[in-house]
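Going by my numbering, 244 is the number at position 244 of the sequence shown; the sequence numbering is gapless.
Each hint should be verified, as a subset may be incorrect.
[What the hints assert, rightly or not] Cβ-Cβ distance ranges computed for the label pairs, FRET-style: (1) E142 <-> E73: 30 to 38 Å; (2) E191 <-> E73: 19 to 27 Å; (3) K271 <-> E244: 37 to 45 Å; (4) G229 <-> E202: 36 to 44 Å; (5) S201 <-> K37: 18 to 26 Å; (6) I72 <-> G194: 20 to 28 Å.
Quick caveat, the hints were computed from the structure, so don't treat them as lab data. For each residue, glycine too, the CB sits at the ideal point set by N, CA and C.
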Amino acid sequence: MSSEEEVIIKEIDTLREQIKSLKEERAQAADEIRALKAERRELIDRIKGLKEELRKLREELSKLKEERASLIEERKEVVKKIREIKKELFSKRELMNNAGKINGIPAGKIRAKIDRLEWRIITESLPLEEENRIIKEIARLESLLEKSLEVKKLKNEYNELRAELKGQIIVLNDLSRKIGSLSEKINGIRERIGSLKQSISEIQAEIDERNEGIQERANALTEVSGKIGELIEKYREMQKKLREIRLGRKKAIEEAILNQKKQKVEEKLKKGQRLTFEDLQLLYASEEGKEE
Numbered sequence: 001m002s003s004e005e006e007v008i009i010k011e012i013d014t015l016r017e018q019i020k021s022l023k024e025e026r027a028q029a030a031d032e033i034r035a036l037k038a039e040r041r042e043l044i045d046r047i048k049g050l051k052e053e054l055r056k057l058r059e060e061l062s063k064l065k066e067e068r069a070s071l072i073e074e075r076k077e078v079v080k081k082i083r084e085i086k087k088e089l090f091s092k093r094e095l096m097n098n099a100g101k102i103n104g105i106p107a108g109k110i111r112a113k114i115d116r117l118e119w120r121i122i123t124e125s126l127p128l129e130e131e132n133r134i135i136k137e138i139a140r141l142e143s144l145l146e147k148s149l150e151v152k153k154l155k156n157e158y159n160e161l162r163a164e165l166k167g168q169i170i171v172l173n174d175l176s177r178k179i180g181s182l183s184e185k186i187n188g189i190r191e192r193i194g195s196l197k198q199s200i201s202e203i204q205a206e207i208d209e210r211n212e213g214i215q216e217r218a219n220a221l222t223e224v225s226g227k228i229g230e231l232i233e234k235y236r237e238m239q240k241k242l243r244e245i246r247l248g249r250k251k252a253i254e255e256a257i258l259n260q261k262k263q264k265v266e267e268k269l270k271k272g273q274r275l276t277f278e279d280l281q282l283l284y285a286s287e288e289g290k291e292e
């Protein structure tokens, strides 16, 4: 084996090892890409689930806000009505105060006193002066009775308004409680939405990271494949060169053997020895080689 052949064989071995190493590197990169794609698919599925949950929460939030807005408007109307009732209560109280301080005299007693006085006029023979006095007293008592009845009516209306006020306050408190409950739910959903957005953002960052990893390894894979292609081409060239060297050496050996045989035949011919058919073929082939 020539030194040149040894150098080429060593280079071929080196190329083979390099190709093997690069193929292993390429296989590893391909495995990593598959693993990263699997992780990315899992992350995408997770983010889809979170986005669907986010969509439902936003719908629920919108409904709750509409419901709360409706209750707030209803509460405004109740507050307005309470103010109107309070204003009317104040007005009734003023009227009751202005009607006179006769609250301590029941209307029944006044009416009974009027009846007694009228009965006296009818049944008794009274002096004119006394009769006139009784008539004036009856007129005064009737006026007093009228005021008493007016006060009683005002009191009834006042009490009805107070009862209505209490009812409206109960309605107001119930509405405030419902609004407070809805506000708590809305705040809870907003917190959940914020948490989901944060999770989606974090998962998206992981997906972006996987995409970068996939792209990085894909670039490396392309580069390694290119190197492998170059080395395989060089490997083939070296093998071709080695075959040519070995073929050239084989031809040189065959030619040397042929020359030796030819010399022997020529010596036999000079000595006048009998030539065999093979000897003649060899001489004939040699002559043809010279002519060529």
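Here is how each hint holds up against the structure:
1. Against the hinted window of 30 to 38 Å, the Cβ-Cβ separation of E142 and E73 comes to about 51 Å, which falls outside the hint.
2. In this structure, E191 and E73 meet the distance hint of 19 to 27 Å, their C-beta atoms being roughly 26 Å apart.
3. Separated by about 40 Å at the C-beta atoms, K271 and E244 satisfy the suggested range of 37 to 45 Å.
4. At roughly 41 Å, the beta-carbon separation of G229 and E202 lies within the given 36 to 44 Å, and the hint holds.
5. Taken as a hint, the range 18 to 26 Å holds for the pair S201 and K37, whose Cβ atoms sit roughly 22 Å apart.
6. Distance hint check: the CB atoms of I72 and G194 are about 24 Å apart, consistent with the given range 20 to 28 Å.
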